[in-house]
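Protein chains: 2
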Amino acid sequence: MITSTSNQRIKEIVQLQKKNRARNTEGVFIVEGIRMVREIPEDKLKALYVTEEFYKKHKAELPGNVKPEFVTPTVFSYIADTKTPQGVLAIVWQNKYTLADILKKGTEKKEMLLVLDNLQDPGNLGTIFRTAEAAGVTGIILSKDSVDIYNPKVIRSTMGAIFRMPFVYVEKLTDTIEELKAHQIQVYAAHLEGKNAYDEECYLNGTAYLIGNEGNGLRQEVADCADTWIRIPMLGQAESLNAAVAASILMFEAARQRRK
Amino acid sequence: MITSTSNQRIKEIVQLQKKNRARNTEGVFIVEGIRMVREIPEDKLKALYVTEEFYKKHKAELPGNVKPEFVTPTVFSYIADTKTPQGVLAIVWQNKYTLADILKKGTEKKEMLLVLDNLQDPGNLGTIFRTAEAAGVTGIILSKDSVDIYNPKVIRSTMGAIFRMPFVYVEKLTDTIEELKAHQIQVYAAHLEGKNAYDEECYLNGTAYLIGNEGNGLRQEVADCADTWIRIPMLGQAESLNAAVAASILMFEAARQRRK
Chain A
453 MITSTSNQRI
463 KEIVQLQKKN
473 RARNTEGVFI
483 VEGIRMVREI
493 PEDKLKALYV
503 TEEFYKKHKA
513 ELPGNVKPEF
523 VTPTVFSYIA
533 DTKTPQGVLA
543 IVWQNKYTLA
553 DILKKGTEKK
563 EMLLVLDNLQ
573 DPGNLGTIFR
583 TAEAAGVTGI
593 ILSKDSVDIY
603 NPKVIRSTMG
613 AIFRMPFVYV
623 EKLTDTIEEL
633 KAHQIQVYAA
643 HLEGKNAYDE
653 ECYLNGTAYL
663 IGNEGNGLRQ
673 EVADCADTWI
683 RIPMLGQAES
693 LNAAVAASIL
703 MFEAARQRRK
Chain B
453 MITSTSNQRI
463 KEIVQLQKKN
473 RARNTEGVFI
483 VEGIRMVREI
493 PEDKLKALYV
503 TEEFYKKHKA
513 ELPGNVKPEF
523 VTPTVFSYIA
533 DTKTPQGVLA
543 IVWQNKYTLA
553 DILKKGTEKK
563 EMLLVLDNLQ
573 DPGNLGTIFR
583 TAEAAGVTGI
593 ILSKDSVDIY
603 NPKVIRSTMG
613 AIFRMPFVYV
623 EKLTDTIEEL
633 KAHQIQVYAA
643 HLEGKNAYDE
653 ECYLNGTAYL
663 IGNEGNGLRQ
673 EVADCADTWI
683 RIPMLGQAES
693 LNAAVAASIL
703 MFEAARQRRK
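First to last, the protein sequences are chains A and B.
Sequential numbering of the first sequence, starting at 453, is according to my numbering.
Sequential numbering of the second sequence, starting at 453, is according to my numbering.
Each hint should be verified, as a subset may be incorrect.
One copy or two, either will do: identical chains are not told apart, so a pair holds if it fits within one copy or between any two.
To be verified - As a list, the in silico PhoX-like pairs of lysine-lysine whose alpha-carbon atoms are at most 20 Å apart:
hint	residue 1	residue 2
1	K508	K633
2	K463	K562
3	K647	K712
4	K605	K624
5	K535	K605
6	K535	K463
7	K508	K463
8	K519	K509
9	K519	K496
10	K596	K496
11	K548	K471
12	K511	K647
13	K633	K562
Bear in mind the hints are in silico, worked out from the structure with no lab data behind them.
Kindly generate the complete structure, drawing on both the sequences and the hints.
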């Protein structure tokens with residue numbers, strides 16, 4: 453039982469919660485709550501921390517392959533990112549994907565990719581992962597200046613999709629987009645100045661959607677790489693849509709067309 | 453110039469930020485940031501608070517009909533809900549709508565309504581308002597136990613739609629749904645057990661979508677009132693969608709059909 457917040461392991465966990473660099477140096481991230489913990493692939497679970505109270509109630513639901521470490525409620529509150537923690541937290545090995553992995557995943561030219569340009573809001577990124585899985589997206593590509601996928605708020609909002617959705621951060625988005633095009637993937641930029649409405653295009657073949665930053669949209673040089681600019685028609689005085697909402701509308705239009 | 457955080461007006465503003473009851477007693481709410489302040493309808497602006505620095509830079513963008521009150525940066529940080537406040541905050545009169553107002557707004561049986569059952573997340577509610585305006589929704593109905601629309605986080609996420617989208621909190625959602633049906637509005641429940649996919653229904657006539665709580669979905673008695681249960685087909689292991697995302701997909705399917 454770990455009883456002190458000055459325990460070395462506890463200090464390390466706090467660093468993993470707070471710091472991107474600490475997570476990437478160790479190649480791990482943190483997952484909280486039983487619902488998420490149960491979705492961790494067996495070979496990815498590195499360590500498990502629980503309170504005694506949690507363990508007594510939920511012992512049967514815990515993964516069987518890693519022995520949990522007990523911590524006091526005070527220590528648990530200290531390492532938890534959530535305000536009212538359940539009492540279970542896992543250290544999980546990061547998944548490493550390459551662009552090649554992602555391009556292999558889409559079979560018969562049926563890729564559906566999201567390309568995120570400088571996305572900044574953790575909740576948006578998590579929601580995009582969650583929605584992408586449901587829509588049949590085959591991979592997510594992020595510019596290296598996007599918010600860190602392993603940020604605890606992002607992880608929570610993915611609702612488990614983090615364990616299943618391939619993704620890759622790339623150095624230069626414009627180069628990557630050219631690679632997609634070389635793979636016969638049609639690249640669409642969600643853009644306020646798009647000529648065609650999004651539902652006037654066909655997404656039955658390999659498709660990638662470029663989604664921009666929350667405040668500024670797509671960078672010009674990124675938007676310029678797209679094959680086609682599409683817009684989501686808007687009524688009223690609305691100037692734009694939330695980035696996760698815009699991405700969701702596009703993904704589910706592709707899913708709708710592909711179901712027919 | 454107000455220089456002290458113990459000033460009576462300042463104390464009142466803090467109460468308005470924090471307390472639903474204080475806002476409803478006075479019939480006002482708070483708006484922060486120049487982008488939102490510029491969208492306040494002229495007759496709704498009650499009071500304006502600025503820092504000197506903000507005023508010097510943005511004087512020309514401020515509404516002309518209410519004289520701003522100056523506060524020191526320290527006092528401004530104290531009354532602001534945001535962590536890095538811009539230096540402008542407005543007290544705004546609440547809009548009062550009735551169900552009759554909302555039903556009048558949809559012309560020629562083209563209502564598009566959202567009915568929110570115990571929605572709890574402020575960001576979700578704000579995003580729903582923002583998206584609803586863009587999709588052509590004519591009004592939003594909320595169960596009285598939903599999150600308060602005048603919560604500062606909700607207001608921010610609406611991106612101004614709060615000033616334009618009619619809404620009403622109702623005592624008993626099931627009674628209200630019966631009223632909608634009496635107005636020939638087709639009521640669809642977004643439900644995991646829906647038989648038809650959402651894109652297999654026609655939304656050209658009066659349409660209302662029932663959207664449930666983030667964790668628990670629709671209450672059984674509310675779902676039972678719907679004419680039709682519809683589902684959003686999901687791939688992978690995704691168990692559900694974020695409430696704002698689900699609502700967005702439905703609203704934009706109706707918008708898509710209505711554009712044809």
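Using 20 Å as the alpha-carbon threshold, which applies to K463 and K562: within, between, both, or neither?
neither (45 Å within a copy, 59 Å between copies)
Could you place K605 and K624 in one of the four classes (within, between, both, neither) given a Cα distance threshold of 20 Å?
For K605 and K624, neither the intra-copy (26 Å) nor the inter-copy (34 Å) Cα distance is at most 20 Å.
Classify it for me, K519 with K496: is the Cα-Cα distance of at most 20 Å met within a copy, between copies, both or neither?
Only inside one copy: K519 and K496 sit 14 Å apart there, 60 Å across copies, limit 20 Å.
Please work out whether the CA atoms of K511 and K647 approach to 20 Å or closer within one copy, between two copies, in both situations, or in neither?
Result: close neither inside a copy nor across copies, 56 Å intra and 37 Å inter.
Could you figure out if K508 and K633 sit no more than 20 Å apart (CA to CA) within one copy, between two copies, both or neither?
neither (54 Å within a copy, 49 Å between copies)
At most 20 Å between C-alpha atoms: does K596 with K496 qualify within a copy, between copies, both, or neither?
neither (24 Å within a copy, 44 Å between copies)
Within a copy, between copies, both or neither: which one fits K548 and K471 at a CA-CA cutoff of 20 Å?
Within one copy, since 19 Å is at most 20 Å while 46 Å is not.
Up to 20 Å CA-CA - K562 versus K633, copy category:
Close inside one copy (14 Å), not across copies (42 Å); limit 20 Å.
Homomeric proximity label, K647 with K712: Cα distance no greater than 20 Å
For K647 and K712, only the inter-copy Cα distance (16 Å) is at most 20 Å; the intra-copy one is 25 Å.
Status of K463 relative to K535 across identical chains (alpha carbons, at most 20 Å):
The answer is within: 18 Å in one copy meets 20 Å, while 27 Å across copies does not.
Is the C-alpha distance from K519 to K509 at most 20 Å within one copy, between copies, in both cases, or in neither?
The answer is within: 16 Å in one copy meets 20 Å, while 60 Å across copies does not.
Give the relationship of K508 and K463 under a CA distance limit of 20 Å: within one copy only, between copies only, both, or neither.
neither (26 Å within a copy, 46 Å between copies)
Of the numbered hints stated above, those contradicted by the structure are hints 1, 2, 4, 7, 10, 12, listed in ascending order.
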